[in-house]
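Asker: Residue strings, one per chain:
4 protein chains.
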Amino acid sequence: MTTNSGRHFLQIPGPTNVPDRILRAMDRPTIDHRSEDFAELTKEILGKLPKIFQTNNPVIIYPASGTGAWEAALVNTLSPGDTVLCCETGHFAVLWRRMAERLDLNVINLETDWRRGADPSAIADRLAQDKAGKIKAVCIVHNETSTGVTSRIGALREAIDSVDHPALFMVDTISSLASIDYRMDAWGVDVTIAGSQKGLMLPPGLSFNAVSEKALAASRTARLPSIYWNWQDILDANQSGFYVYTPATNLLYGLREAVDMLLEEGLQNVFQRHDRHAEATRRAVRAWDLDILCEVPEEYSSSLTAVLLPDGHNADALRRNILSAFDMSLGAGLGKLAGRVFRIGHLGSFNDLMLAGTLSGVEMGLGLSGIPYQSSGVKAAMDYLQETAPRSK
Amino acid sequence: MTTNSGRHFLQIPGPTNVPDRILRAMDRPTIDHRSEDFAELTKEILGKLPKIFQTNNPVIIYPASGTGAWEAALVNTLSPGDTVLCCETGHFAVLWRRMAERLDLNVINLETDWRRGADPSAIADRLAQDKAGKIKAVCIVHNETSTGVTSRIGALREAIDSVDHPALFMVDTISSLASIDYRMDAWGVDVTIAGSQKGLMLPPGLSFNAVSEKALAASRTARLPSIYWNWQDILDANQSGFYVYTPATNLLYGLREAVDMLLEEGLQNVFQRHDRHAEATRRAVRAWDLDILCEVPEEYSSSLTAVLLPDGHNADALRRNILSAFDMSLGAGLGKLAGRVFRIGHLGSFNDLMLAGTLSGVEMGLGLSGIPYQSSGVKAAMDYLQETAPRSK
Amino acid sequence: MTTNSGRHFLQIPGPTNVPDRILRAMDRPTIDHRSEDFAELTKEILGKLPKIFQTNNPVIIYPASGTGAWEAALVNTLSPGDTVLCCETGHFAVLWRRMAERLDLNVINLETDWRRGADPSAIADRLAQDKAGKIKAVCIVHNETSTGVTSRIGALREAIDSVDHPALFMVDTISSLASIDYRMDAWGVDVTIAGSQKGLMLPPGLSFNAVSEKALAASRTARLPSIYWNWQDILDANQSGFYVYTPATNLLYGLREAVDMLLEEGLQNVFQRHDRHAEATRRAVRAWDLDILCEVPEEYSSSLTAVLLPDGHNADALRRNILSAFDMSLGAGLGKLAGRVFRIGHLGSFNDLMLAGTLSGVEMGLGLSGIPYQSSGVKAAMDYLQETAPRSK
Amino acid sequence: MTTNSGRHFLQIPGPTNVPDRILRAMDRPTIDHRSEDFAELTKEILGKLPKIFQTNNPVIIYPASGTGAWEAALVNTLSPGDTVLCCETGHFAVLWRRMAERLDLNVINLETDWRRGADPSAIADRLAQDKAGKIKAVCIVHNETSTGVTSRIGALREAIDSVDHPALFMVDTISSLASIDYRMDAWGVDVTIAGSQKGLMLPPGLSFNAVSEKALAASRTARLPSIYWNWQDILDANQSGFYVYTPATNLLYGLREAVDMLLEEGLQNVFQRHDRHAEATRRAVRAWDLDILCEVPEEYSSSLTAVLLPDGHNADALRRNILSAFDMSLGAGLGKLAGRVFRIGHLGSFNDLMLAGTLSGVEMGLGLSGIPYQSSGVKAAMDYLQETAPRSK
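Protein sequence lines, in the order shown, are assigned to chains A, B, C and D. Numbered per our numbering, the first sequence finishes at 395, counting up by one with no gaps. Numbered per our numbering, the second sequence finishes at 395, counting up by one with no gaps. Numbered per our numbering, the third sequence finishes at 395, counting up by one with no gaps. Numbered per our numbering, the fourth sequence finishes at 395, counting up by one with no gaps.
Hints are computed from structural coordinates only; laboratory data are not their basis. A couple of the hints might just be wrong.
Note: identical chains are not told apart, hence a pair may lie in one copy or across any two.
What the hints assert, rightly or not - Straight-line C-alpha distance at most 20 Å; calculated SDA-like pairs for lysine to any residue:
1. Lys136 / Thr85
2. Lys338 / Arg36
3. Lys338 / Val246
4. Lys338 / Ala239
5. Lys133 / Asp106
6. Lys138 / Lys216
7. Lys50 / Asp262
8. Lys216 / Glu389
9. Lys53 / Leu265
10. Lys53 / Lys136
11. Lys216 / Asp166
12. Lys50 / Ala340
13. Lys50 / Gln131
14. Lys133 / Leu310
15. Lys136 / Asn232
16. Lys138 / Glu259
The shape of chain A in the complex, shown without the other chains (with noise of 0.2 Å):
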């Protein structure tokens, strides 16, 4: 009854709510893409698009989700039997190791429990122990989007700076882009994976590499083959304002539109005021006496929190009876901890009242769910925002 009427909250932490803003300049006619109105689109993007990274280097962008991404990072750089050293930080980090496998690299594992980032001297170890420089690439995941935690780029630069080791730095910032900080030149990342459909406000169906001149030079000598991810072909033809193949255009329009978008806004902002949200909903978890999953405070991610239910209660429950009764999405939990947590998604357009109607959702539906907690989680987060509101001028 209730899920008849009014806007779906769709709270998963991502694909996010697409503003009208942004559906409404990709709901156009598509242009001839040889033309030189698509030039001008293409080098409006292009132009504007690194600063969301917070970098000079190229971003090259593919008609194609994450996981392309990814793909993309890896056989441009690598050659079959090359070691990477990845990080098991979660269920997206289990999935980019095994495409590695897969692609016939040779993959060294940290594991962790799935409740804390990187460990910045775990990796340092690891690479000091490479004195035959035989890992090619260090593949971290900056936000993991199972589990809420988001690891400390910057200090695993400093871990890999401390060993002076040679490795590629790639990072998936998939959940994190236009969330979190992320600051590509700072930390000397060398392949940076992103998507469109998280903090970026697109519908998914484009993903990103932005490529530091070390990549682009171990790209010359890689022998994993691939044509359609290539990126010297892509960045040859970027330069006249084209692309190797037909772009998806209406997504670049949607693209440009979210640019300006978080610009307009400041990137800073944009990431104070996912900070504020994913506050505020931890505030809330903590009132209800739930367990946030993320057990690192300098590794809450503002993009999502992860939640644990008591023993005995299903997260997938009660996401079904939420979903039916408010029709709200709450991200399911992944890989190992499928019906133990619950996600809630707080990143891209996103606002206080959202937030507040996202969180009283998930209140009811513990108590619709019989799942007990302690007090009102929807005031404690209202506290916060009231007190951390913007006072009228």
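Please arrange chains B, C and D on chain A, whose structure you already have, making use of the hints.
Answerer: Showing chains B, C and D alone in chain A's frame:
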């Protein structure tokens, strides 16, 4: 800062949030208004629309605002100098009365304190005095948008019948139609006035007169001149699926979609949804220990709730704070209520989490504005919503 | 078969093809009509809109069709029994005259054969006879949508001035505004009537009165009652950016966009574009050896061309064939021209290739309908379009 | 000047004009790609989509351009060093061949003069020489977008069968699917490659592999590595209505609508419509006395026509003039045809009057560019369109 992201909360008592499905239905090329395709559109709408009024009478669609539909009701049925009986239930009743006066009608006005609906016995008394049958029409606002009070139209009909008075019964349902149970035929209403931008979930720009046989008969001798509003011209043209002048085609696309959505949900479900959200809202207001403007429980409005602030607090300042901090629009106090009340719209395309977000915005706004409140209204509302939520099958 | 694919050709003389840019501008959430954002929208529109009328007078926007704007012009300025001078240039002039009669005005009607515009000397003659100044208004249709004849408003103004008559000068520009040069101030017009769905490229649903000081002065003593149409109420509310009743917000979004588009193109360029397409159309008609209904070259309409069929051929059958075979809507003959003429709309958002497609549809339709024609009108039109096409820089 | 008004004519051979109905279908909030609603969307699409390929085999949908679908076809079925037989029918065949070479495949290339399709007997001959069965795949472009030549897939199948060769048969239908009769099952094709932005009338961003049992069997031993393109992963996930990675949800909304539109019109009707427009276009080209690039009438493309200019005239200058004067985009000559041909796209959402407008633009452009032509091609096309137009019932 928070105002720049996410979706605006439009919680005035209309215009209401237009669902994407309706916006998209309107986002189409205009067609030839003399074509067969257009005639089919008209016939489909005119076939279904009366169901929303719970009538078998024809409904006339004007490209106009609700004010136009008020004027249409008066000029089609009355002549200069005719007497009408009005009941001042609030600001919109005042505006309609003034219109009648300016149209050279002789208005008898029954006052109220704006905290209750039209009084059936007062109306019966006044009509009983009118032995000569000078009163040609009784004009009532079903749901006073300025006060959140819903007059009991059925009881008013009984009052008129109790004294056997032949006056036409005209009812403004602008903020009740498709939100609050309204039964034109069962309640013997002669002219129903309605608009597009409330329960019908459309943008403003269309208004309606549903007209009884008796009203049509009256229109044959009425001498307040207008061609634009002329019922008979339009009804004649509608026979073949056309209009006497160029209709607002794209709004009609939206109207067709809106009627389909309402009938899909089921009118009784629509009313229950509104009743439930209104009750949740009142529980919030009571938890805050603020006053609901409406003093008669049977006359609580299901489409909006007007809330009185304690003396010394300015409702417009509160609304400004909420708009500025939380990007939500609430309704102002109108007429003699200016500055003293704010109005929460909970009608149209709406659901539990949107309501929770709305009430959160009010609650945090009270806090920000230094208006004392007792306990969390959001919590009170959530308790009720959870308790009455549909259970998973 | 062919009718199921591609884009419908809407070549009636209005409503016209709404550009995507305008449709998208309207495809947005409705906002609070009492908010600051709304006031800014109003002020922006009211600041620019008079330029389209080439006036410094205020323009009043009605949520209504053009017929409403006719009624508004009459009821704001006149009183029952007042005399107005009309000129029957075609079907729409007839409708406006009949409205005046039904509003209890005393109409003096100057007839034409519907193949020419209003005659300045006939009007001067008739006004000269009115020594007592009984004629309160001269009502002229600038561009007769039913005939494709454009009356010379400047010359009519001179005619009125030549006999020094004080009557108000009211001009219907519904199918000329933003298509054909129209200069309200230079031509001393007192009330300009306009609508949204022709040169303004919007869907129907808005209409306009641009009003001179003299018209406003007349409105203070006029006694044809209406509240909805009342100029002064609206002008007062407009001062602060608001309306006296709920405005058609989403159509206003479209209006802002339309005005911007027209000003970007430049009004003179807009007029030249329409002139050029009209000339190309007439060349096609002449090549076919069919008759242009308008017999006075200086009065050819730039927004539509009405074409007379030879005796024995039915224009409605032709239009049906064209609609069925080529998915194009053309205008019907109206009133006494029914079945004898068809009308080609070439106004609004339009270009050379759309015109070529349009004329191709007519030419093939003539063939399909067995209506003899001399030579390819499309070729004649193309020759002209090519010759006058902008050259590459 | 004329370029600023009306609708752009996008008459390149793809991306094609996206119908409003499809644009609007995509203009909706993205939904949870792990929800039941999403699974229903997937199942609906996967149930209907094979009909468009005239196959009972599964169709795999990639968030990717057509180039990606080429790569997918190769990497799923082949191993480094495998031999494939290609036929250079034009620019896109060259690109696909080069991709194969860069993927370390051993390519046997059959050349043509780019004015005819793949030669069945040449292919039979070459396969007959391959006694050892080294050739693992025959790769053919069904409709060469660069030349307007359609290879005869049925005849090629017979050629392969005539020598009983076991090679996989891979066909690129990017610019033929849903425009030109293509029968995957009847013609025994093993992998069909397709894209969204041509006959499917969608924006670019999706591409397809329809795969036979034999191709799937081959995929189990293929050793060109890729995870993104992996068929089996996707087919497994599709079983329950999901994808292995985040799908391009909004493009899928459009795909569902596109498939519905094609099935509503009827595939055979779609093909006949394209055939008819192609024939009309060729009649125009012949009337102009210009050369159609394709020299084999049975291989004329129904989705585009490539036109050769006389020596001394530059096709790119012509295209620029047409774009500048008439706001129409035409396809450029590609590869060795650069500057010598222009290509008229007449595929996708298209109709007679759009074609007439298109040909008018070409004809006027020839005139503007000083390229001599014999007689009106538009007239010749109209004669044919009229003669073959559907008659009113």
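Asker: Measure nothing new, just compare the shortest in-copy and cross-copy C-alpha distances for lysine 50 and aspartate 262 to 20 Å and report within, between, both or neither.
Answerer: Within one copy only: 8 Å inside a chain, 27 Å across chains, cut-off 20 Å.
Asker: Check lysine 338 against valine 246 for me: Cα-Cα at most 20 Å, and say if that holds within a copy, between copies, both or neither.
Answerer: Between copies only: 17 Å across, 40 Å inside.
Asker: Please sort lysine 136 with threonine 85 into within, between, both or neither, judging by C-alpha distance up to 20 Å.
Answerer: Cα proximity of lysine 136 and threonine 85: one copy only (6 Å, versus 34 Å across).
Asker: Since the copies are identical, ignore which copy is meant and state whether lysine 53 and lysine 136 lie within 20 Å (CA to CA) inside a copy, between copies, both or neither.
Answerer: neither (33 Å within a copy, 51 Å between copies)
Asker: Evaluate lysine 338 and arginine 36 at a C-alpha cut-off of 20 Å and name the case that applies: within, between, both or neither.
Answerer: between (47 Å within a copy, 17 Å between copies)
Asker: If the cut is 20 Å between Cα atoms, do lysine 216 and glutamate 389 qualify within a copy, between copies, both or neither?
Answerer: neither (46 Å within a copy, 57 Å between copies)
Asker: With identical chains, the pair lysine 138 and glutamate 259 could be close in the same copy or across copies; at 20 Å between alpha carbons, which is it: within, between, both, or neither?
Answerer: The answer is neither: 37 Å in one copy and 46 Å across copies each exceed 20 Å.
Asker: Within, between, both or neither: how does the pair lysine 133, aspartate 106 come out at a Cα-Cα threshold of 20 Å?
Answerer: neither (22 Å within a copy, 33 Å between copies)
Asker: What label fits lysine 138 with lysine 216 when the C-alpha limit is 20 Å: within, between, both, or neither?
Answerer: within (12 Å within a copy, 38 Å between copies)
Asker: Within a copy, between copies, both or neither: which one fits lysine 136 and asparagine 232 at a CA-CA cutoff of 20 Å?
Answerer: neither (24 Å within a copy, 28 Å between copies)
Asker: When no copy is specified for lysine 133 and leucine 310, does a C-alpha distance of 20 Å or less occur within a copy, between copies, both, or neither?
Answerer: For lysine 133 and leucine 310, the Cα distance exceeds 20 Å both inside one copy (41 Å) and across copies (64 Å).
Asker: Is it within a copy, between copies, both, or neither that the alpha carbon of lysine 50 lies no farther than 20 Å from that of glutamine 131?
Answerer: neither (40 Å within a copy, 56 Å between copies)
In the structure shown, a violation is registered for the earlier hints numbered 5, 8, 10, 12, 13, 14, 15, 16, in ascending order.
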